[in-house]
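J.: Protein chains in written order, with the numbering used here: chain A, 1 to 200; chain B, 1 to 200; chain C, 1 to 200; chain D, 1 to 200.
These are computed hints drawn from the structure, not numbers from a lab.
Check the hints yourself; a few may be wrong.
To give an idea of the chain B side of the interface with chain C (calculated C-beta under 10 Å), a few residues [said to hold, decoys possible]: (1) Asn4; (2) Asn34; (3) Leu91; (4) Ser105.
Now the stretches of chain A that chain B is said to cover, found in silico as 3 or more residues with beta-carbon under 8 Å [unchecked claim]: (5) 20-34; (6) 75-85; (7) 90-98; (8) 102-116.
Ideal Cβ placement from N, Cα and C applies to all residues, glycine included.
Number of protein chains: 4
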Amino acid sequence: MFKNSKERMIAISDGVFAVVITIMVLDIKEPIGNLSGLESHRLVIQLLSYLISFGVVAQYWVFHQELFTNLKTVTIKILIGNLYYLCPICLIPFATTWLSNSFISKESAISFAALMFIVNLFQLWLFRLVINQNRRDRLRLTNHDIEEFWSVKAMLSISVVYLIVSLLVPKLLLVVIGLGILSRVLVTRVIRFYQRKKDL
Amino acid sequence: MFKNSKERMIAISDGVFAVVITIMVLDIKEPIGNLSGLESHRLVIQLLSYLISFGVVAQYWVFHQELFTNLKTVTIKILIGNLYYLCPICLIPFATTWLSNSFISKESAISFAALMFIVNLFQLWLFRLVINQNRRDRLRLTNHDIEEFWSVKAMLSISVVYLIVSLLVPKLLLVVIGLGILSRVLVTRVIRFYQRKKDL
Amino acid sequence: MFKNSKERMIAISDGVFAVVITIMVLDIKEPIGNLSGLESHRLVIQLLSYLISFGVVAQYWVFHQELFTNLKTVTIKILIGNLYYLCPICLIPFATTWLSNSFISKESAISFAALMFIVNLFQLWLFRLVINQNRRDRLRLTNHDIEEFWSVKAMLSISVVYLIVSLLVPKLLLVVIGLGILSRVLVTRVIRFYQRKKDL
Amino acid sequence: MFKNSKERMIAISDGVFAVVITIMVLDIKEPIGNLSGLESHRLVIQLLSYLISFGVVAQYWVFHQELFTNLKTVTIKILIGNLYYLCPICLIPFATTWLSNSFISKESAISFAALMFIVNLFQLWLFRLVINQNRRDRLRLTNHDIEEFWSVKAMLSISVVYLIVSLLVPKLLLVVIGLGILSRVLVTRVIRFYQRKKDL
Chain A
1 MFKNSKERMI
11 AISDGVFAVV
21 ITIMVLDIKE
31 PIGNLSGLES
41 HRLVIQLLSY
51 LISFGVVAQY
61 WVFHQELFTN
71 LKTVTIKILI
81 GNLYYLCPIC
91 LIPFATTWLS
101 NSFISKESAI
111 SFAALMFIVN
121 LFQLWLFRLV
131 INQNRRDRLR
141 LTNHDIEEFW
151 SVKAMLSISV
161 VYLIVSLLVP
171 KLLLVVIGLG
181 ILSRVLVTRV
191 IRFYQRKKDL
Chain B
1 MFKNSKERMI
11 AISDGVFAVV
21 ITIMVLDIKE
31 PIGNLSGLES
41 HRLVIQLLSY
51 LISFGVVAQY
61 WVFHQELFTN
71 LKTVTIKILI
81 GNLYYLCPIC
91 LIPFATTWLS
101 NSFISKESAI
111 SFAALMFIVN
121 LFQLWLFRLV
131 INQNRRDRLR
141 LTNHDIEEFW
151 SVKAMLSISV
161 VYLIVSLLVP
171 KLLLVVIGLG
181 ILSRVLVTRV
191 IRFYQRKKDL
Chain C
1 MFKNSKERMI
11 AISDGVFAVV
21 ITIMVLDIKE
31 PIGNLSGLES
41 HRLVIQLLSY
51 LISFGVVAQY
61 WVFHQELFTN
71 LKTVTIKILI
81 GNLYYLCPIC
91 LIPFATTWLS
101 NSFISKESAI
111 SFAALMFIVN
121 LFQLWLFRLV
131 INQNRRDRLR
141 LTNHDIEEFW
151 SVKAMLSISV
161 VYLIVSLLVP
171 KLLLVVIGLG
181 ILSRVLVTRV
191 IRFYQRKKDL
Chain D
1 MFKNSKERMI
11 AISDGVFAVV
21 ITIMVLDIKE
31 PIGNLSGLES
41 HRLVIQLLSY
51 LISFGVVAQY
61 WVFHQELFTN
71 LKTVTIKILI
81 GNLYYLCPIC
91 LIPFATTWLS
101 NSFISKESAI
111 SFAALMFIVN
121 LFQLWLFRLV
131 INQNRRDRLR
141 LTNHDIEEFW
151 SVKAMLSISV
161 VYLIVSLLVP
171 KLLLVVIGLG
181 ILSRVLVTRV
191 IRFYQRKKDL
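Could you put the whole structure together from the sequences, leaning on the hints where they help?
T.: Laid out in structure tokens, this is it:
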């Protein structure tokens with residue numbers, strides 16, 4: 001009679017992702033009065049923080065949606081693993097607000113980087129859970145799947161770099177994360193360009 | 001022409017759950033200035049409250065998603081019963097904020113525990129409604145279903161314990177709820193461990 | 001290539017309903033310090049406003065989910081009619097906050113009642129659009145459908161009563177709306193009781 | 001094993017749209033005390049901003065839901081293009097609040113118009129991506145599709161007009177956007193009226 005539902009696990013995840021990327025905007029405060037030096041400085045940092053955080057969460061979502069598409073059996077372990085993963089995702093708006101409102105203080109930068117590390121850790125664990133379950137259901141890893149799994153591992157290593165940056169030069173954290181996302185996009189393009197060349 | 005829709009009952013429930021666990025984060029205020037003693041004390045309590053509340057709501061969601069998977073007929077009674085259940089769920093962010101902002105005062109602790117009691121009561125009622133409807137639709141209770149139903153009854157009894165704790169030692173409420181969730185996880189693991197042993 | 005999608009019209013509606021009933025909670029402010037006379041008076045009014053508004057929105061949702069279940073063709077007219085209907089629904093959290101924060105002032109009571117009147121008006125219009133479309137698609141109105149359509153008309157008339165109450169005795173508006181919802185529930189029970197008796 | 005999911009791309013989009021149109025309401029502040037001249041002036045501007053923004057977002061949603069209904073293959077390019085499009089959509093509540101809280105200052109009007117321009121640009125790009133993919137999947141453009149694509153191009157040109165208005169007469173921006181939406185509705189009606197005449 002009672003059974004775990006993949007549809008609902010996906011529905012609550014997409015709901016959480018949608019609310020997270022949207023409520024982060026509530027923390028961008030409109031400038032009061034004229035756009036003086038300080039006000040526009042604050043606004044630029046808040047907008048930049050928002051855009052970087054949007055990029056970070058969007059990237060997690062892209063991996064998350066790919067992960068579950070072909071999953072057949074939803075065990076309670078995967079269901080709860082997914083909730084563990086969503087918990088730090090929900091904290092990203094808080095970390096973003098702290099970061100931008102403190103003009104990227106050291107404590108806030110470390111918290112942001114640590115949070116990304118935790119999300120990446122749970123993401124890796126979730127990928128393992130799903131891959132193991134898929135194997136039990138006789139699905140085999142394709143080349144694309146292995147590539148994605150390597151990306152997830154790479155994301156964990158990169159978040160260690162973010163942690164180090166936040167400890168040494170917190171002010172540059174956002175720029176480094178932004179470059180990190182950009183470089184991933186570029187690397188993917190280069191890989192695809194060479195693969196297409198090889199295919200021809 | 002007009003007919004109750006199970007898909008939509010589930011969609012609004014997942015929407016509510018997703019928004020509830022995400023907007024609770026809006027109440028965690030970033031520390032202002034240095035992380036002094038008082039500021040970090042406040043932050044720790046706010047984060048702890050958030051994590052415990054996330055655990056509480058996530059647990060309700062796990063039961064909720066299991067409950068409806070195989071339901072065939074959505075009567076107006078079940079539809080409205082579900083709305084009664086969602087109403088106190090929506091109040092959890094308020095109770096969490098009160099709890100953390102008052103540094104777990106007696107009134108806030110009692111309110112939080114009372115709210116959990118109400119949710120558990122409606123949850124039990126909702127399980128009864130669905131089980132009765134499923135029986136009418138010739139679905140039989142499996143061992144797993146009976147186990148889940150007992151868990152729901154146990155949750156109601158445990159929330160009475162929370163109420164007593166909130167009356168006697170309000171400051172410990174969050175710790176006790178945290179231990180409650182942990183112990184449920186452990187008990188489930190022990191039961192499964194012995195069942196697997198028996199199966200071999 | 002491009003086509004209106006019933007699934008998405010329903011998805012955005014459920015999303016809006018879910019967010020509306022959940023963010024109304026953000027306006028309940030936790031009491032500061034001891035629960036003095038004024039503070040608890042305010043809290044009671046805020047909780048009462050929340051519960052009544054929850055009931056009002058839940059009732060709209062119940063009608064909304066019934067309305068579209070069997071709809072086959074989604075015209076641009078229905079799609080836009082639905083957006084017109086959702087617009088005042090989105091304003092309900094604002095009207096509720098105003099009502100409770102002003103301790104039910106005359107202006108806020110009139111606004112709340114007027115908003116309900118507008119929602120009811122668009123609801124009636126939406127029902128007409130859907131019924132006409134269903135007729136074109138050769139679906140016939142059952143007794144239950146006619147009953148529901150009458151309820152929607154009755155809701156419009158009742159909201160005129162709310163408007164009058166808000167003009168004459170604004171302080172009683174919430175109580176009257178609460179009684180209105182209760183009486184609807186009771187009337188439905190009485191009708192069903194007699195129908196069951198007749199059926200035996 | 002891992003695969004992009006159209007269902008989830010649509011789910012997160014509808015979630016974002018639903019949250020965006022609903023949280024904009026949080027910025028309408030209830031009047032404090034009597035509805036004096038200034039207070040009611042502010043309230044009227046906030047309500048007007050809300051209604052116009054609702055219309056703007058609703059219009060984007062109508063095009064967005066049409067766009068993906070018949071899409072068969074979801075490439076990573078479309079998936080990411082959609083996220084680029086959603087990012088400025090998420091910023092609309094911020095731009096709306098700024099606009100109304102500054103009583104439509106020049107800076108806020110330019111920001112609002114520039115944001116609309118960006119959304120329209122990404123919208124056009126997204127339409128191109130989807131049309132190209134659909135062509136590869138052997139779907140042909142119907143007359144209706146071409147009409148919609150022209151509308152999307154027209155929206156981009158109109159947003160240039162909004163930009164000019166925001167530079168010259170910022171106070172009139174909301175009125176002009178409101179007229180823009182209205183005129184689109186009227187033009188559509190006129191076109192349909194003549195088409196129906198031609199069909200007879």
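J.: Are the hints correct? Go through all of them and say.
T.: Hints versus structure:
no. : hint    : in the structure
1   : Asn4    : holds, 6 Å
2   : Asn34   : violated, 25 Å
3   : Leu91   : holds, 6 Å
4   : Ser105  : holds, 9 Å
5   : 20-34   : holds (count 3)
6   : 75-85   : holds (count 4)
7   : 90-98   : holds (count 6)
8   : 102-116 : holds (count 3)
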